[in-house]
Amino acid sequence: MLIKTTTRAALIAALALATAAAWPRTASAETVLRIGMTAADIPRTLGQPDQGFEGNRFTGVTMYDALTGWDLSSADKASVVIPGLATEWKVDDTDKTKWTFKLRPGATFHDGTPFNADAVVWNVEKVLKQDAPQFDASQVGVTASRMPTLASARKIDDMTVELTTKEPDSFLPINLTNLFMASPTKWQHFYDKADGADAKAKSQAAWTAFAKDAAGTGPWKMASFTPRERLELVKNANYWDKARVPKIDKMVLLPMPEANARTAALLSGQVDWVEAPAPDALPELKQRGFKLYANEQPHVWPWQFSRVEGSPWNDIRVRKAANLCVDREGLKDGLLAGLMVPATGTFEPGHPWRGKPTFEIKYDKPAAQKLMREAGFGPNKKLTVKIQTSASGSGQMQPLPMNEYLQQALAECYFDVQLDVIEWNTLFTNWRRGAKDPSANGSNATNVTYAAMDPFFALVRFLQSSMAPPVSNNWGFINNPKFDELVKKARQTFDPAARDAALAELHAASVDDAAFLYVAHDVGPRAMSPKVTGVIQPKSWFIDFSPISMTP
Amino acid sequence: MLAYTARRIVYVIPIVISVALVCFLLVHITPGDPLVAVLPADASQELAAQLRAAYGFDRPLPVQFGLWLLRALHGDLGNSIATGRPVLAEVMRAVGNTVTLAIAAAIIGFTMGILLGLIAGYFRETWIDKLSTSLAIAGVSVPHYWLGMVLVIIFSVELNWLPAVGAGPGGSAAWAWDWEHLKYLVLPAITTSVIPMGIVTRTVRALTGDILSQDFVEALRAKGLHETGVFRHVIKNAAPTALAVMGLQLGYMLGGSILIETVFSWPGSGFLLNSAIFQRDLPLLQGTILVLALFFVFLNLLVDIAQAAIDPRIKRG
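Going line by line, the protein sequences match chains R and A.
In case it helps, this note's numbering puts the first sequence at residues 1 to 552.
In case it helps, this note's numbering puts the second sequence at residues 553 to 869.
One or more of the hints may lead you astray.
Quick list of the computed label-pair ranges, beta carbon to beta carbon [to be verified]:
#1 Leu-795(A) with Gly-289(R): 44 to 54 Å
#2 Pro-530(R) with Val-564(A): 57 to 67 Å
#3 Trp-731(A) with Val-245(R): 52 to 62 Å
#4 Gly-289(R) with Lys-735(A): 17 to 27 Å
#5 Ala-411(R) with His-580(A): 46 to 56 Å
#6 Ile-581(A) with Pro-133(R): 52 to 62 Å
#7 Ser-466(R) with Tyr-804(A): 50 to 60 Å
#8 Arg-433(R) with Ile-565(A): 40 to 50 Å
Once the Cα atoms are required to be at most 27 Å apart in a straight line, the calculated DSSO-like pairs of lysine-lysine come out as [unchecked claim]:
#9 Lys-735(A) with Lys-531(R)
#10 Lys-77(R) with Lys-332(R)
#11 Lys-531(R) with Lys-291(R)
#12 Lys-735(A) with Lys-250(R)
#13 Lys-77(R) with Lys-98(R)
#14 Lys-365(R) with Lys-386(R)
Hint data in this document are derived by calculation from the structure and do not stem from the laboratory.
Quantities reported herein were computed from a predicted structural model and do not represent experimental measurements.
The beta-carbon is built from N, C-alpha and C at its ideal position, and this holds for glycine as well.
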């Protein structure tokens, strides 16, 4: 009896212990990914994020979808545009300013309301129609310049919408990746509840409330938001793309603008993933078993030449000489510890818009010196060029050391490079004003990095003569009829493959003309705990968090 | 006392208006575009002009100042350009976090500073004095952001005892006075406390030494007063000056430290200023500077009044 009782007690105790041991595992089964961003604040959550493409990366493509999206499934191929909330689209054969988009059935907003044509019209009007109740000036800046030709939207039926552009523009489907669809119903709910002296004040209050409790259609839903401190996103189990339902339960975004702080947070186990770790900590991170990811981004670190009358860069031999005089591999392996890809144009081989330039950008000092001698310069007659740059700035990588590297490199090809270093935001402002403006301070090149996600951003705004200031970023007043003709051709070619071919032709022409001094592409370095698996870092500013898993 | 207090309050009014004017002008006269926070770099001049008008930045500067001051007097500092959130709420929230940090740092710094100062002053020219003085000099000399990083490397990265960054496990909105939250405060508070600790130590040491060498102390001792009683007199005589120094230090700490708060990602006013500067968010920048300046002015006012209450000679002066 005693043995029986003891055995039973032992069994009960063992069962209790086993249950107790199993209980914490069940209770803590939620998988959480904590990310240290480089941003000083949570990017805006109301649909159109701020803070550049880091904003789109964390509060854009996570919580929201656009009509079109980026294929982020490969680390090897260039990211291309794929269907998003639109399943197909087509330009009108007779009027090339009108596009029809077929919408995805079954997609719903996080508040449970259906995504439909009314929602598309509402979202277009939030940034384009000034008298619409939901119009929000604060979202216009980050939208309008990314889709400069979009004029209006019209519902055809519940699942079909017509978009109109100001002029024929085949780039529209690419640009639409930046127009994120927010829930009109949820916004209206906040608008109806808002206090305010007038409709404008109520609208502003509604957007402020929406930002704290947002609803898009994306794979992640907002769970909690502490401004400037943290944003918690949970997986949207009802996401329309079943293949992209997140594998982890929760993602916590933490703003950490200081690189050493981010690195320390990773090393101490406070976060699992950091963007842009401190470069000098990379060996230690590797040594401690953290994983490092980097890949070529659609990003260019250039000198943009002035082509106004009297500029030394008007001589193509000088432009080509500068491009041949820089040892980019040396810059990569030395100064930047491998964190760059040498640039041989805006797009590198393998990209659909690369084309076949005949001018090969590489390090060939003798050829560069020969070109400079032909242009009338030599060891005793150096060409003075002045470059406006900044001491820091988003995407600028390491502007001062990199420019000093170029200064030394180009000195060997008879250039005397002078640097005009100004504050980053001022450099931005001056970029819009152009080389003829007094703010250029006599500089004949400017060093502002640029994103090359879409044709307008990557090529058109720099190469088309009509994009000269004050219209857009043709800072140097490039006026090349061939570029204008190729821009027009690309914009008016509506078959995607033919459009890509036209863009490749434009890009090749720009490289052959040595339109810029192409130096580097950024690689978006990130470091993470070995517990984080399933990471695919595409050749993009963005990353898909859906396939990521966390091992215990 | 009432008249003195009223006079001091009246003196504050022109200071506050001047502070408002200076912080408004400072952010407007710097080069660059006030709309950087919402305008992408590649925005056209046309779009920039359209938004400039929408935000009222196209109006003459005096008009902008007048409207801003009028709204500020009604407690409306406008909305952040970058986030659209009301500036006052943003600032007050950040100030709340900075106050938490400042109080913790003040407790550490002032306690240590007073203790070290009294000990050093009492044992002047001994090794105890030299050790205390060395600590004080180190406190004011070591770059505090560097000290912060060293503390993080030791206590967060290597020992894994304390968190490296942040203000709490769930953000400061969920702040509680328990160890789960307090551990986030330890490293930034120690880092913030070293400068006030050094300054208070040196001040108290000098005051203590000075007072102890005065004749009345000898008289007190001659009358047979116990050393504890003598010390009470020393503390009472040193208090007004030490209080003034501590008030000033508290003012500096309440202003927040951009460097410390950035190193620890502590979401206080320094961190807020850092973001406002880098995003060039003018309403947020102006609002933050104004609120911090007002804090400083009012804190000084309180210290002045407190000093006068402790030492009646001051209000006659």
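Now for the hints, and whether the structure bears them out:
1. Leu-795(A) with Gly-289(R): 44 to 54 Å: holds, 53 Å
2. Pro-530(R) with Val-564(A): 57 to 67 Å: About 58 Å separates the Cβ atoms of Pro-530(R) and Val-564(A), which means 57 to 67 Å holds.
3. Trp-731(A) with Val-245(R): 52 to 62 Å: Violated, at about 37 Å.
4. Gly-289(R) with Lys-735(A): 17 to 27 Å: Holds, at about 25 Å.
5. Ala-411(R) with His-580(A): 46 to 56 Å: With a Cβ separation near 40 Å, Ala-411(R) and His-580(A) fall outside 46 to 56 Å, so the hint is violated.
6. Ile-581(A) with Pro-133(R): 52 to 62 Å: Because 37 Å falls outside the window, the suggested range is violated.
7. Ser-466(R) with Tyr-804(A): 50 to 60 Å: holds, 54 Å
8. Arg-433(R) with Ile-565(A): 40 to 50 Å: Holds: the Cβ-Cβ distance is about 42 Å, inside 40 to 50 Å.
9. Lys-735(A) with Lys-531(R): holds, 25 Å
10. Lys-77(R) with Lys-332(R): holds, 22 Å
11. Lys-531(R) with Lys-291(R): holds, 9 Å
12. Lys-735(A) with Lys-250(R): holds, 24 Å
13. Lys-77(R) with Lys-98(R): The hint is violated at about 31 Å.
14. Lys-365(R) with Lys-386(R): With Cα atoms ~21 Å apart, Lys-365(R) and Lys-386(R) stay inside 27 Å; holds.
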